[in-house]
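K.L.:
Which chain is which? The protein sequence lines are Y and W, in order. For the first sequence, the positions run 0 to 475 when numbering that gives the first Met the number 0 is used. For the second sequence, the positions run 0 to 245 when numbering that gives the first Met the number 0 is used.
Heads up, some of the hints might be wrong.
Under the rule of at most 20 Å between Cα atoms (straight-line distance), these lysine to any residue pairs were calculated in the SDA-like manner [as the list claims (entries may be wrong)]:
no.: 1; chain 1: W; residue 1: 227; chain 2: Y; residue 2: 435
no.: 2; chain 1: W; residue 1: 195; chain 2: Y; residue 2: 456
no.: 3; chain 1: W; residue 1: 71; chain 2: Y; residue 2: 413
no.: 4; chain 1: Y; residue 1: 394; chain 2: Y; residue 2: 306
no.: 5; chain 1: W; residue 1: 195; chain 2: Y; residue 2: 26
no.: 6; chain 1: W; residue 1: 195; chain 2: Y; residue 2: 22
no.: 7; chain 1: W; residue 1: 195; chain 2: Y; residue 2: 37
no.: 8; chain 1: W; residue 1: 227; chain 2: Y; residue 2: 456
no.: 9; chain 1: Y; residue 1: 395; chain 2: Y; residue 2: 407
no.: 10; chain 1: W; residue 1: 195; chain 2: Y; residue 2: 36
no.: 11; chain 1: W; residue 1: 227; chain 2: Y; residue 2: 434
no.: 12; chain 1: W; residue 1: 71; chain 2: Y; residue 2: 415
no.: 13; chain 1: W; residue 1: 227; chain 2: Y; residue 2: 37
no.: 14; chain 1: W; residue 1: 227; chain 2: Y; residue 2: 440
no.: 15; chain 1: W; residue 1: 227; chain 2: Y; residue 2: 29
no.: 16; chain 1: W; residue 1: 195; chain 2: Y; residue 2: 441
no.: 17; chain 1: W; residue 1: 195; chain 2: Y; residue 2: 33
no.: 18; chain 1: W; residue 1: 195; chain 2: Y; residue 2: 29
no.: 19; chain 1: W; residue 1: 227; chain 2: Y; residue 2: 250
no.: 20; chain 1: Y; residue 1: 395; chain 2: W; residue 2: 195
no.: 21; chain 1: W; residue 1: 71; chain 2: Y; residue 2: 414
no.: 22; chain 1: W; residue 1: 195; chain 2: Y; residue 2: 450
no.: 23; chain 1: Y; residue 1: 163; chain 2: Y; residue 2: 148
no.: 24; chain 1: W; residue 1: 227; chain 2: Y; residue 2: 432
no.: 25; chain 1: W; residue 1: 195; chain 2: Y; residue 2: 17
no.: 26; chain 1: W; residue 1: 195; chain 2: Y; residue 2: 34
no.: 27; chain 1: Y; residue 1: 395; chain 2: W; residue 2: 57
no.: 28; chain 1: W; residue 1: 195; chain 2: Y; residue 2: 20
no.: 29; chain 1: W; residue 1: 227; chain 2: Y; residue 2: 436
no.: 30; chain 1: W; residue 1: 195; chain 2: Y; residue 2: 25
no.: 31; chain 1: W; residue 1: 195; chain 2: Y; residue 2: 31
no.: 32; chain 1: W; residue 1: 195; chain 2: Y; residue 2: 30
no.: 33; chain 1: W; residue 1: 195; chain 2: Y; residue 2: 21
Cβ pair distances, simulated, as ranges [claimed, not checked]:
no.: 34; chain 1: Y; residue 1: 267; chain 2: W; residue 2: 243; range: 15 to 25 Å
no.: 35; chain 1: Y; residue 1: 26; chain 2: W; residue 2: 41; range: 51 to 61 Å
no.: 36; chain 1: Y; residue 1: 429; chain 2: W; residue 2: 227; range: 20 to 30 Å
no.: 37; chain 1: W; residue 1: 109; chain 2: Y; residue 2: 400; range: 36 to 46 Å
no.: 38; chain 1: W; residue 1: 132; chain 2: Y; residue 2: 400; range: 48 to 58 Å
Don't read these hints as lab results, they were simulated from the structure. Where is the CB? At the ideal position from N, CA and C, for every residue including glycine.
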Amino acid sequence: MSTHEGELATPFRDRAGRALQDGFLQQALTIATTRFIDLRREAFGEFPEGDALRDRARAIKEATLQRLDHYLERLVDNVERLGGHVHFATTPADARRIILDIAKRTGTRMAVKSKSMATEEIHLNEALEAAGVTPVETDLGEYIIQLAHERPSHIIAPAIHKTKGQVADLFAKELNRPNVPADPEALTAIARVELREKFLQADMGITGANFAVADTGTVVLVTNEGNGRMVTTLPRVHVAVMGVEKVVPSMTDLAVFLAILAKSATGQKLSVYTTLVRGPRKAGELEGPDEFHLVLLDDGRIDQIGGTLREALYCLRCGACLNVCPVYRSIGGHAYGHTYPGPIGILLTAMLNGSGSVRDLAHASSLCGACADACPVRIDIPRMLIELRKEVDEKKIAPAGERLVFALFAWLLRHPRLFRLAAPLARLGQRPFARGGRIQRLPLFFGEWTRTRDLPAVAPRTFSERWAELEREVRR
Amino acid sequence: MADRPVRAALMITCLGDMLFPEVGVSIVRLLRSLGVTVEFPAGQTCCGLPLFNSGYHDEARGIARRLVEIFKDAPYVVVPSGSCAWMVKHEVPGLLRETPLADEARRLADRTYELSQFLVRVLGRTTFTSRVRGRVTYHDSCHLLRGLHESTTPREILKSLDGVELVELPGHDECCGFGGSFSVRLPEVSSAILEKKLTNVEATGAACVVACDAGCLMQMAGGLARRKSSVRAVHLAELLDPQPPS
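Looking at chain W on its own, in the form it has when it is part of the complex:
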């Protein structure tokens, strides 16, 4: 599969576009270095997960409709966040059930991959390289782990990196406390959950905590900075970027 040219569209996501553009840039460079032709369909905004999870399903349906139209020509869709990939794969088809776009939504769901899954399961890559060296730990984001049942691809990638030591995070499968609007509806509870997570992260002695979800990264990076911690929260793609950050 990896031997023939692959064309993939990047779904940057709303958080990725506005707050973490460097992750998107890293993904583009990484995928190109692996021979993938990367497209960026115009007009994309958000997957609708924030609306869906808060119970605004009519509104989320409007977004789902756009999403299906925008990505209908892409052979593969690559998403940097497990939660957005989950939304596209699990909820968009449900929202568009019994609409003219139902089949198209199913097709989109089948072609959509979270980044680490795309790298390992679609491109069939088993070894990767990184410019970064040292000890890292990995946080399982809830939607990737329990929504998409994926815990192996990010670890396989991290373990394959020369000079990078992956240490398991105590409570690696526990939520970071983000939960979308939960983080601002109940900020005290969200922060208490985060504190436990960060205490575990710091106990590993890792230089950075890696995750595959912009929500978790925003939460963990925000908490680490507030603690004045030396640990950084980074997206998997940033470790794999073949070029130095611009």
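The following block holds chain Y by itself, in its conformation from the complex:
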């Protein structure tokens, strides 16, 4: 369900190719990801305890997963004790239905939203619109994306693919404003004015959750723009949508994650706002909603507690793996074609939609390992990409031709005498193409290499063929 059918009709390789040709995208990606990489490096450079805290955070995630049912029950009890309501959604359709029911019962006509990948995952905005509820994204990046009728292309920087000039043009067109300058401050001021009245009009506030603390029933939002606070306090109803894996046992554990999350994401020591929500407004309190709902979303997660993608459930959604990934940096988020882009996105896509959905995406990685290095909880993403490739192969989802080629290759590698024949055969075959030890053009499949790169010709004599002579050098 989190696929985007229109886009997915085009093969991944073509989607990636299109992204590579998009000059604006290339410019935006290079500037933004380079900046994120530098900021993250500086943040951890000044924070010698960072490495130990990352290990600690990973251990907490693992321990929590081992008793997820226990911590979820505890969370539910505490949220309910505070006067909140908790709903469990097995599928995205369940989650949409739960939220639409709340909207209908409370007479909601407009919902303001704080940035949330979980609501992207369940395609909530489309469902709200179809039910006559106007969703308004209030995170600046999400606001831009909503105006442009696009999807986020980065987990924490949804409009990362847009240059400031493009945003200025978009605001001029969609908001009917003349002379919008391509200046981030001016653009933010415009969005602020536009959004202010929506906050006051909205009946419902919808957020995700970065964490939920089982011990205290606290839902935690990590934001930078202050919009999250308004979404959770101004409207009558607050609905938070959260993947089940986001529960953490205690406030002490929460502190560990808060110490590394913003550093990994934006290089900040802490995000500007860390909002702790505990149920609806209580008697005597001045702000807060009348109703508070927490929607716990499964959508394939619980199956993976015992699955090959288990570690992906540690993910904090910081986006660090996207910023350092050479593939993401080259093609951006949209080309991946699913809600969650980048290296972790491939794993999450497989988790939500099955391994068949990542037949091509599982190979959209050079396995360089930069993602695992950057990950605050050290998720071994390359290892799981290999596992997905294995599944795609074993379930015979991989193309038959490819499986045959690899089977033949493996057979050849087990037969050294025949393997030795490969060199003379290749030398014969390459004769029409090799010039001065290099090959510039090859037909068929081999052209995939030679279109952009020379290939070294198979040597006149391989090392194996030279070994006898090298042995004689010693005896002399």
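Mind docking chain W on chain Y? Use the hints.
P.N.:
Chain W only, in chain Y's frame:
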């Protein structure tokens, strides 16, 4: 450790054997000049990494089994590519877990070294000589850097060379875009990543970019030649070869 005679087997690797035999020759001459007796066990083909990384693990297991048998008598195994060394050290034991060869696989993993690590960490050498002069830069191959956590031995070796100036490569720890079958499954993306790498390489003003992995060298040399660049991509061993190229 360097004072007693050392015997080491060369694992030439499939790319090394067919496409870069001169690297193997340089390694043999270099190691011999350092007093190492070099062996070349017969029957070797490939470490199985291409199969493993593409998800063909049953097939890779068959290769791993052969590998363990072929190199079981070698006190040390020296590998010219960080990625193949990583395969032997990190994945072969896993593939052969719970098989009769499990212990032997572990032993092989412990005795296997990427070339620069073998030179510095096993032989204990700190200074080297080269016939080459001029400015060079070094590309950290992903598997050596993040797989084997090695960034110092190649740099130590390069810095010790008289007449060779090592300049750091901007984005030295970024992938060259090779990634095995990735390079032909998604050649456009692979080439885009390569272009950034080569732009950085050329900005250093180095005469050559040095790497310790045949995959990266194939990728970077292929791109440099296509650009008609004067920069050469060379294996560390080629700089250290005591004899002029034959």
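K.L.:
Each hint should be assessed against the structure and marked as holding or not.
P.N.:
Evaluation of the provided hints:
1. 227/W - 435/Y: It holds: about 14 Å lies between the C-alpha atoms, which stays within 20 Å.
2. 195/W - 456/Y: Judged against 20 Å, a Cα distance of about 25 Å means the pair is violated.
3. 71/W - 413/Y: 17 Å, holds
4. 394/Y - 306/Y: Holds, at roughly 16 Å.
5. 195/W - 26/Y: 13 Å, holds
6. 195/W - 22/Y: 15 Å, holds
7. 195/W - 37/Y: 17 Å, holds
8. 227/W - 456/Y: Cα-Cα ~17 Å, so holds.
9. 395/Y - 407/Y: 16 Å, holds
10. 195/W - 36/Y: 16 Å, holds
11. 227/W - 434/Y: Between residue 227/W and residue 434/Y the Cα gap is close to 15 Å, so the pair holds against 20 Å.
12. 71/W - 415/Y: 17 Å, holds
13. 227/W - 37/Y: 32 Å, violated
14. 227/W - 440/Y: Cα-Cα ~15 Å, so holds.
15. 227/W - 29/Y: Between residue 227/W and residue 29/Y the Cα gap is close to 25 Å, so the pair fails against 20 Å, i.e. violated.
16. 195/W - 441/Y: Violated, at about 24 Å.
17. 195/W - 33/Y: 13 Å, holds
18. 195/W - 29/Y: 11 Å, holds
19. 227/W - 250/Y: At roughly 59 Å apart (the allowed maximum being 20 Å), residue 250/Y and residue 227/W break the hint.
20. 395/Y - 195/W: Judged against 20 Å, a Cα distance of about 36 Å means the pair is violated.
21. 71/W - 414/Y: The given pair, whose Cα atoms are some 19 Å apart, holds under the 20 Å limit.
22. 195/W - 450/Y: The given pair, whose Cα atoms are some 17 Å apart, holds under the 20 Å limit.
23. 163/Y - 148/Y: Holds, because 17 Å separates the two Cα atoms, which is no more than 20 Å.
24. 227/W - 432/Y: Holds. Residue 227/W to residue 432/Y sits at ~18 Å (cutoff 20 Å).
25. 195/W - 17/Y: 18 Å, holds
26. 195/W - 34/Y: Cα-Cα ~16 Å, so holds.
27. 395/Y - 57/W: Answer holds: residue 395/Y to residue 57/W is near 14 Å, not above 20 Å.
28. 195/W - 20/Y: 15 Å, holds
29. 227/W - 436/Y: Holds, because 15 Å separates the two Cα atoms, which is no more than 20 Å.
30. 195/W - 25/Y: Roughly 12 Å between the alpha carbons, so the hint for residue 195/W and residue 25/Y holds.
31. 195/W - 31/Y: The given pair, whose Cα atoms are some 16 Å apart, holds under the 20 Å limit.
32. 195/W - 30/Y: The hint holds at about 14 Å.
33. 195/W - 21/Y: 16 Å, holds
34. 267/Y - 243/W: 15 to 25 Å: 56 Å, violated
35. 26/Y - 41/W: 51 to 61 Å: Given a distance of about 54 Å, which is inside 51 to 61 Å, the answer is holds.
36. 429/Y - 227/W: 20 to 30 Å: Distance hint for residue 429/Y, residue 227/W holds at roughly 21 Å.
37. 109/W - 400/Y: 36 to 46 Å: Since the Cβ atoms of residue 109/W and residue 400/Y sit about 39 Å apart, the hinted range of 36 to 46 Å holds.
38. 132/W - 400/Y: 48 to 58 Å: Given range 48 to 58 Å: holds, Cβ gap about 49 Å.
When each numbered hint is compared with the structure, violations occur for hints 2, 13, 15, 16, 19, 20, 34.
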